[in-house]
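Trainee: Model the placement of chain B on the given structure of chain A, informed by the hints.
Protein chains in written order, with this note's numbering: chain A, 32 to 502; chain B, 32 to 502.
One or more hints might be untrue.
Each pair may be met inside one copy or between any two copies, as identical chains are not told apart.
Cross-link-like lysine-lysine pairs, in silico, PhoX-like; alpha carbons within 25 Å at most [what the hints assert, rightly or not]:
| hint | residue 1 | residue 2 |
| --- | --- | --- |
| 1 | Lys-354 | Lys-460 |
| 2 | Lys-41 | Lys-164 |
| 3 | Lys-276 | Lys-41 |
| 4 | Lys-339 | Lys-354 |
It should be emphasised that the hints constitute simulated quantities derived from the structure, not laboratory data.
Number of protein chains: 2
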Amino acid sequence: MSEDLVNRIKELESEVERLKTELRKRDTADQACTERNGGSKPSVTVDIEGQEDGGSARKGKKRGKERPFDFSVHPRRHVALRLAYLGWEYKGFAVQENTDNTVEARLFEALLKTKLIQDRQSSSYHRCGRTDKGVSAFSQVISIDLRSNQFSGGIGVIVPTADGASVKSKPNSEELPYVKMLNRVLPQDIRVLDWSPAETGFSARFDCQSRTYRYYFPLGSLDVSLMAEAAKRYEGTHDFRNLCKMDVGNGVLQFQRTILSASVHSVQPCQAVSADPYDLYVFEVKGLAFLYHQVRCMMAVLLLIGQKLEAPDIIDQLLEVEKNPRKPQYSMAVDYPLVLYACHFDGLSWRREAEEVGLVLNTLHQHWTQNVIKTQVLRGMIQGLQSSGEVSTPLQCWLMEGTRQRNYRPLLERPCCESLEARIEHYVKRGRLEREEGENGEEALHRGKRSKHSHNPSSQTVASGATQPAQ
Amino acid sequence: MSEDLVNRIKELESEVERLKTELRKRDTADQACTERNGGSKPSVTVDIEGQEDGGSARKGKKRGKERPFDFSVHPRRHVALRLAYLGWEYKGFAVQENTDNTVEARLFEALLKTKLIQDRQSSSYHRCGRTDKGVSAFSQVISIDLRSNQFSGGIGVIVPTADGASVKSKPNSEELPYVKMLNRVLPQDIRVLDWSPAETGFSARFDCQSRTYRYYFPLGSLDVSLMAEAAKRYEGTHDFRNLCKMDVGNGVLQFQRTILSASVHSVQPCQAVSADPYDLYVFEVKGLAFLYHQVRCMMAVLLLIGQKLEAPDIIDQLLEVEKNPRKPQYSMAVDYPLVLYACHFDGLSWRREAEEVGLVLNTLHQHWTQNVIKTQVLRGMIQGLQSSGEVSTPLQCWLMEGTRQRNYRPLLERPCCESLEARIEHYVKRGRLEREEGENGEEALHRGKRSKHSHNPSSQTVASGATQPAQ
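In isolation and in its complexed conformation, chain A is listed as follows:
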C-alpha cells in the first residue's frame, strides 16, 4: 500500500520536475505569453510619468544596464493601497522563504519595477491581513511610502530637501497614477483598486478597525437555517483556541477575539431560503482580528452542523475553554471559497481612477465568463444524468479537507491536540520562542531563529498577534 503511494509520489515529483523545466525553457525563450484574460504580463513596456528609463523597462532586462534612479530628488508619500486578488494560483499573500509564488512577491516586483519604492525595507510597509494559500481578497489593504510628484506637499507627503526639487515643483499637480502604473505590471489576477493618502504613521495593520471574510458554499443538503442560527453563537468576545490553528510558534498566546457579526445567508440579496441544492450561500463574518485558520475552522464546524452531524451548541462548548481546554482533532474547510472581502479604516479617502476601475471590471468579467460557462457545462451534464432517471445521488458537501470518514465521530469524543501550555513549553525548550513583556503588557514571545513560520520580519514584532489576522 504505502509502497504504491511512495511510487506515486516519485512519479509525481518527476512530473513536477519535467513541467518546471518546460516552464523554465519557455521563460528563457521569453515567449510573449498573453494570459487567458488577455492580460499584459509584467514584460510589457512600463508607462511611468517622470521616469526617464521607465518606458523601456522590461522583464529580464539586466538592472545593471539601467541608469540608477535617484529617489532622493523625489517626494515620498505615505499612502494606503487597496488590492483585490484571486489567491487560487498563489501560495498565500505573505512572502515566504520556501516559495516565490506569493501575492506579496508579485506586488513588490511591481513596486520596484515602477520605481515607486527603492526597497521594501525602507518603504514602511504594513499589510492589513495575511491570507493563506488559495485564499482570495477583494479588499486587502497595505500602507507604504511611495514616490510622489507632490513637491508642494500634501497629506503624508515628505518633500525632498535637495535643491533640484524646486525646479521640478508643479503646484496642485495630479498625484502619480498609482493604480494605473501598478496594474500595468501586475499579473492579471492581482489588481490595485484604489489608493488613499494617509498620515505618516498610519498602519494598515494596526489601524484596521475590522475585517470581513466571506466563505461561499452551495446549499446541497445542508440545513442553512440551522447554520445561520449556529453562526450567531460565534458573535461576541470568546477564546477561539479550539477554532484556529494555534500559532504559538509565531508568539500567538492570546486567543480571545471579538466577532462583531456572523451570518449565513443566500448570495442572492433579499432572497428567502431556497430549496434548490445548487443555490449558493455565504458565511460572512466580521471581526476586529482573526487567528490563524480561524475562519476555516469556524466554517468547518458550521458545515458539520449543517449536515446535522453536530448540534449548534457544539460551538458554545468549543468556546468554553475551561471545560474543553484542548482542541479536538478535526479538518478545517478547504481554502478556495474564502475571501478577505473587506477591511475597515477610519480617516481614509479612497481615490479611484475611473478608467482603471472599468479595466479591472473587464478583467473580472473575463475570469467570470470562463468560470460560469464551465460551471454550466458541468451543470448540464449533471442534469443530463439526473433526467435519465433511476439515479438520485444528492449533492454532497465537498468542502472539508482530507478524506471523508464513513462513520462520523462526534467532535467531543475525538482525540485532542496538545494543550496551549504544552505547546509553549515545546517551543520555549527548542528556542523557537523567547518569553518577554509584550506591547499591551501581556506576556508575549518573539520568534527565535529556528522559528518554523517565515513571514516578513518587519511585521513580526509579535505581541499577542491580536492585530494580525491570518487566514
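Mentor: Same frame as chain A, but now just chain B:
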C-alpha cells in the same frame, strides 16, 4: 504515516495541475483561464474483475513486466460505449501525431490496461464525433469489440473456438462490468456513462442518426430574441462552406449539411427571457452531421447578430453560396463553451451500472462545486466594484477568438478566404489529395501522405466527410 503520503500526493497533484495550467496558458492564444477542477488523477489502484494483474496495474508500469494475456480464449463482443468528458485540458478527442494529450489516447490506454482490447487496429473501433481542442462531450459514442465473458453467446458476441472455452462457460452470467472497469483507470475528467450491446457491423460513426451540440454563453448585453430568430435560419439543408473551416485537406468537398433544429434559449427550463446580464443562455443545434468548426462559426455569427453588429439575414446571405462563394474572414467563437451533448442511435439499449452513475455524479459534483464557488467569488468582487458606484462597465461578450477590433467591419465587406476550387487545386498540386470515386458516387479524395491533418487512419476513408462531424 500513509496519511502523510496521501497528503503529499495531493500536494504534488495540485502542483502538477498548477504547472500544467501555467503551461497551457502559455500554449493557448485564446483567453483560457483554467481554474482547474480538483479531480483526482488516473493513478488510482486498478480494481478489475477477471484480470489477474489488474490490481497492481499502474500508470507508468512497464508492460514488459506483465504476464502475456491470452485473448484467444475469451469471447469478443461488439458494443457501443457512451463517454462524457471535460475537454478543457485536452488537445481534442481524436489521437494526433503531434500530441499525446487527447481523450482518445487516454481511452485506449484504459482499454489496453484493462485488457478489454488487444490493440486498436483489431478492435473495429469507430467514433461518433470528433471534438476539437477544448471542446467537451456529454454523449460521445464509440463502437468497438471488447473482451467478453459471454461464452454462451449474445448480441454481438463472438465465442472463441478454442477448447479452453467450454471449461470457463458460465451461461447467463453477467457481462463484464465495462463501465466500472474503465472508470477505475480513466482520468477523472473522462467518464464512461454506459454501454450497449451492438450487432456486428454497427458503426458509431455511420449509424449515428443525429448529433446535438450545445454552446453556453452569458446574456451580457446580447439581444437573445434576435439571436433566437436568427438561429432558425440555420435550419434545413444548406451549403455551410461559409460557416466552417473547409477541411479540403482531409477530402471534404461537399458542404451541404442538414440542421434539424437550432435554438437559443435560457438554460433555466421554461424561464421567460430574463434581463439579468449574468444569466446564462445556450445555443442548441441538432443536425445529421457537422463540418469542421461548423458550430463555432455558426455561433460566431449569432454573437455578431446578438451584438447588433450584423442583421439576422446575414445568415441567409452566407448560406447563399452562389452569391457569396468565398467565406469572409472572421474569427469563430472560443472552444470551451462547446459540448457535444447528445448522439442519437436506433436499436441500442444502453446498460447502466447504477452504482457507477452515482460515482460519476459525485465526480461531476466535485468539479461543479469548485467551479461554481470560484464563479461566485468573482461575482462577489464584481458586485463589490459595481455597488461602490460611479462605474458602469457592462458585461461584454468575451467569446470571440482573437483580438477585438475597435471599428467593426461588416462581414460582407471583409476580405474573403480562398474559394473551394482554389483549395482543391492547391492540395491536388501538392499531392496531399488524390482524386477518385467516393462511396456514394460523389467525387471524393483520399488524403495523400503529405496531408496536414493527422487523425486515426482507420476512420479516414473519407467520402464526402458528411458522416464525420468535426468540432
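Trainee: Please go over all the hints and tell whether each is borne out by the structure.
Mentor: These are the hints, each one checked on the structure:
no. : hint              : in the structure
1   : Lys-354 / Lys-460 : neither (27 Å within a copy, 88 Å between copies)
2   : Lys-41 / Lys-164  : both (24 Å within a copy, 14 Å between copies)
3   : Lys-276 / Lys-41  : between (30 Å within a copy, 21 Å between copies)
4   : Lys-339 / Lys-354 : within (23 Å within a copy, 68 Å between copies)
Hint compliance for this structure: hint 1 is the single one not met.
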